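**Student:** Sequence order for the protein chains is L and V. The numbering of the first sequence is the working numbering, which starts it at 1 and goes up by one. The numbering of the second sequence is the working numbering, which starts it at 1001 and goes up by one.
Hints are computed from structural coordinates only; laboratory data are not their basis. As the structure is a prediction and not an experimental result, all values here were calculated from the model. Backbone N, C-alpha and C define an ideal beta-carbon position, used for all residues, glycine too. Hints are not guaranteed to be accurate.
Said to hold, decoys possible - In silico DSS-like links for lysine-lysine, alpha-carbon gap of 25 angstroms or less:
no. : chain 1 : residue 1 : chain 2 : residue 2
1   : V       : K1009     : L       : K7
2   : L       : K275      : V       : K1059
3   : L       : K144      : V       : K1029
4   : L       : K208      : V       : K1029
5   : L       : K275      : V       : K1029
6   : L       : K204      : V       : K1045
7   : V       : K1045     : L       : K208
8   : L       : K25       : V       : K1045
9   : L       : K177      : V       : K1092
10  : L       : K208      : L       : K235
11  : V       : K1013     : L       : K274
12  : V       : K1328     : L       : K27
13  : L       : K275      : V       : K1045
14  : L       : K274      : V       : K1059
15  : L       : K25       : V       : K1009
16  : L       : K207      : V       : K1045
17  : V       : K1324     : L       : K7
18  : V       : K1029     : L       : K143
19  : V       : K1045     : L       : K270
20  : V       : K1240     : V       : K1224
21  : V       : K1324     : L       : K25
What the hints assert, rightly or not - Some but not every residue of chain V turned toward chain L, in silico, with C-beta under 8 angstroms:
no. : residue
22  : K1009
23  : S1016
24  : L1020
25  : D1028
These are the residues of each chain, in order.
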Amino acid sequence: MIRFFEKEPYSPIEYTYEVEKVLYKGKSQCQEILVIENPYFGKILILDGIVQLTERDEFFYHEMLTHVVMHAHPDPKRIVVIGGGDGGVVREVLKHGTVEKVYLVELDEEVINISKRFFPTLSSKVDDPKVEINIMDGADFIKKVSPSIDVIIVDSTDIIGFARSLFTEDFFYSVMKALKQDGMFVTHSESLHFHLDIVIEVQKILKKAFPLVDLYSVPIATYPGNWWAFSIGSKKLNPRDIRRPFEIKTRYYDDEIHRQAFLPHKLYRKLMDKKLIW
Amino acid sequence: MLRSFNIDKLHAKLISKPTLFKALSYIDKQIIQTPFLLIDTEKMKEKISLIGENIRNSKVFYALKANPDVAIADFVSKQNIGFEIASEGELKILSSLGIKPAKIISSNPVKSIKFLEMAADYGVKCFSYDSTDEVEKIAKYAPRSNVYVRLSVPNEGSEWPLSKKFGVELDDAVRLLSYAKQKALNPIGVTFHVGSQCQNPYNWNIAIDKAKILWDMAEREGMKLSLLNIGGGYPINYTKGTISIDIIESNINKLILEKFPEDIEIYIEPGRSIVGDAGILVSTVIGKAKRYDEDWLYIDVGIFNGLMESLGGIRYSYIVENNKSKNKRWTMAGPSCDSFDVIDRNITLPEPDIGCLILILSSGAYTVSYASEFNGFSIPKNILI
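Based on the sequences and whatever the hints tell you, model everything.
**Tutor:** Below, the structure is given as structure tokens:
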């Protein structure tokens, strides 16, 4: 049996997957791209040795990354998705009737192509007329975009890889400028179990730019550490509140999950004060 | 497109993800001329809060020699610990920051007269010594000071042994304590140094046993001591994990509780363990060569301008800016024309291009403080991140 060993140096557990078939193996300008077939998870997209998504459980991640801010915002019309070349976030964003425009800003065009070829259920909406694809660095895009955006979503690779420009103070300031008065920003921020120090760091940097910063999480089977955190920066509105009726079709996210997903305040303080020691 | 680096499990054991993120983000934003030394203040803070935590009634004094950068000293002073110094130059750094004299001690057993005068004038009251000449000097230039005698203890198992140069045996030590009293100094205690980067926890056992014998001998001579200065020596991770500070300290604390009076005061003088693993030297590959069957890699920092401890056996870990090339065995050398300037042999790293960066981990201590501009190669600047 062939096995795939995930290469996440900061994961104390090494995740391995049974490989039924290698569907694609290639190198883009940015990274190594691998698509394998696994008997349980279906097709798996792997970038630079790290699992990005599996067909079976991707919806936990994409729904939770997308719908929390989309429901906390009263009227999300203009959306920017940075990274997310697989199309999963775009698919979720377009479930909202309010949306008029989605800028998909992906550095690696190859990811979009590979996703169209192997993950049609994810990439189904990237060619929608509302979607404008920009192949460029998200940090550069955000600096130039007119300040008219309602929601900005970062769906990137690992924070110490080339996506690191999407976690800096400079970037968060340009995000702040690009957003409208009631705009919101969300980014994945790794595992509360294995990368708690990074979660804390991202929260701290976000707080330099945004008046309101919060954290919610979802368990994800296929990301190292599993207890996956999402960090929100908001200009005005509390992201814990839902401002629009929950009317879209989802598999995991709903209005009740929205409220439950945020960390209880006491636990949040404990984490930030580095008092959860284990 | 940002630079990409080859990060593996070993690196993850040596450097935290936020520290690496901060370092790489700094590099993305601006590269001043390499080599330079990035210092993660968060890491320093974390280490400072850890050191002394498990030793009852202890005070911590940062051994400034490890890295005497003014901004580092300023940061350290804000964490409410003291300083251990040896010279006028080090005292000047602290006085420029307005550090209170009560926060300063000197454990250099042989001090210059000028330093003693300056220190006494500044109000420094605590000095170590291990000779009759030093007693006379301190009595003359810093009269009525508190003094502690330096015992020699075994340094086996430390990568940077110190005991041969300093320290005396028990009989001499007790005589020196009496002599200090006779010279109107205040003999308050005893100190030792197990050696820097000490990997052998039993060195502390032996040292503390010996200090206890001296303690009792002094008592029989009518001197009641109150201070045990355990020096430094806590190791940091260079290429592999090492014993942790809380294990070392729990052991030390247990021994002290068993052997010494309850009101004993403990001083700790960490240098390397405060600033060492907070530092990342950023260097550039300046050349490659094949000599017989050896592959040589030349970088812009070497033995003379930062990596002097390589000569004493310290081996570093490197993160290479990568192009996903295969691993190769290298001899790594510094930039100067001196044949001593070889940093490491037989290290396995992916092949970088000329102009690529190499990050040298755990390099915050005894690097820039040892450096010279030999051959015109610049000394790395400290940059706090």
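**Student:** Hints first: check each against the structure and report whether it holds.
**Tutor:** Against the structure, the hints come out as follows:
1. Of the supplied pair hints, the one linking K1009 (chain V) and K7 (chain L) holds, its CA atoms being roughly 9 angstroms apart against a limit of 25 angstroms.
2. Of the pairs offered as hints, the one joining K275 (chain L) and K1059 (chain V) holds, with about 24 angstroms between alpha carbons and a cut-off of 25 angstroms not exceeded.
3. Among the hinted pairs, K144 (chain L) with K1029 (chain V) is consistent with the structure: their alpha-carbon atoms are about 18 angstroms apart, no more than 25 angstroms.
4. This hinted pair checks out: K208 (chain L) and K1029 (chain V) have alpha carbons roughly 18 angstroms apart, not beyond 25 angstroms.
5. Restraint check for K275 (chain L) and K1029 (chain V): not satisfied, since their Cα atoms lie roughly 32 angstroms apart, outside the 25 angstroms limit.
6. At most 25 angstroms may separate the alpha-carbon atoms for a hinted pair to count; K204 (chain L) and K1045 (chain V) meet this at roughly 16 angstroms.
7. Using a Cα cut-off of 25 angstroms, the hinted pair K1045 (chain V) and K208 (chain L) holds, with the two alpha carbons roughly 20 angstroms apart.
8. A hinted pair counts as satisfied when its Cα atoms are at most 25 angstroms apart, and K25 (chain L) with K1045 (chain V) does not qualify at roughly 44 angstroms.
9. A hinted pair counts as satisfied when its Cα atoms are at most 25 angstroms apart, and K177 (chain L) with K1092 (chain V) does not qualify at roughly 46 angstroms.
10. Distance check on the hinted pair: K208 (chain L) and K235 (chain L) sit about 12 angstroms apart at the alpha-carbon level, within 25 angstroms; holds.
11. With a CA separation close to 19 angstroms, the supplied pair K1013 (chain V) and K274 (chain L) stays within the 25 angstroms bound.
12. At most 25 angstroms may separate the alpha-carbon atoms for a hinted pair to count; K1328 (chain V) and K27 (chain L) meet this at roughly 22 angstroms.
13. Of the supplied pair hints, the one linking K275 (chain L) and K1045 (chain V) holds, its CA atoms being roughly 16 angstroms apart against a limit of 25 angstroms.
14. Restraint check for K274 (chain L) and K1059 (chain V): satisfied, since their Cα atoms lie roughly 24 angstroms apart, inside the 25 angstroms limit.
15. Between K25 (chain L) and K1009 (chain V) the alpha-carbon distance is near 24 angstroms, which keeps this suggested pair within the 25 angstroms criterion.
16. Note on K207 (chain L) and K1045 (chain V): the hinted pairing holds, with a Cα-Cα distance of about 20 angstroms set against a maximum of 25 angstroms.
17. Distance hint between K1324 (chain V) and K7 (chain L) is fulfilled; the C-alpha atoms sit about 14 angstroms from each other, no more than 25 angstroms.
18. Restraint check for K1029 (chain V) and K143 (chain L): satisfied, since their Cα atoms lie roughly 15 angstroms apart, inside the 25 angstroms limit.
19. Pair hint K1045 (chain V) plus K270 (chain L) holds up; C-alpha atoms about 19 angstroms apart against a cutoff of 25 angstroms.
20. A C-alpha spacing of about 43 angstroms is found between K1240 (chain V) and K1224 (chain V), which places the hinted pair above 25 angstroms, so the restraint is violated.
21. Restraint check: the Cα-Cα separation between K1324 (chain V) and K25 (chain L) comes to about 15 angstroms, which is no more than 25 angstroms; the hinted pair holds.
22. Evaluation of the K1009 (chain V) hint against chain L yields a held restraint, the C-beta minimum of about 5 angstroms falling below 8 angstroms.
23. With a least beta-carbon distance of about 6 angstroms to chain L, the hint placing S1016 (chain V) at the interface is held under the 8 angstroms criterion.
24. With 8 angstroms as the threshold, the beta carbon of L1020 (chain V) comes within range of chain L, its nearest partner Cβ sitting at about 5 angstroms, so the hint holds.
25. Interface hint status for D1028 (chain V): upheld, as the beta-carbon distance to the closest one in chain L is roughly 6 angstroms, under 8 angstroms.
Hint compliance for this structure: hints 5, 8, 9, 20 are broken, all remaining hints hold.
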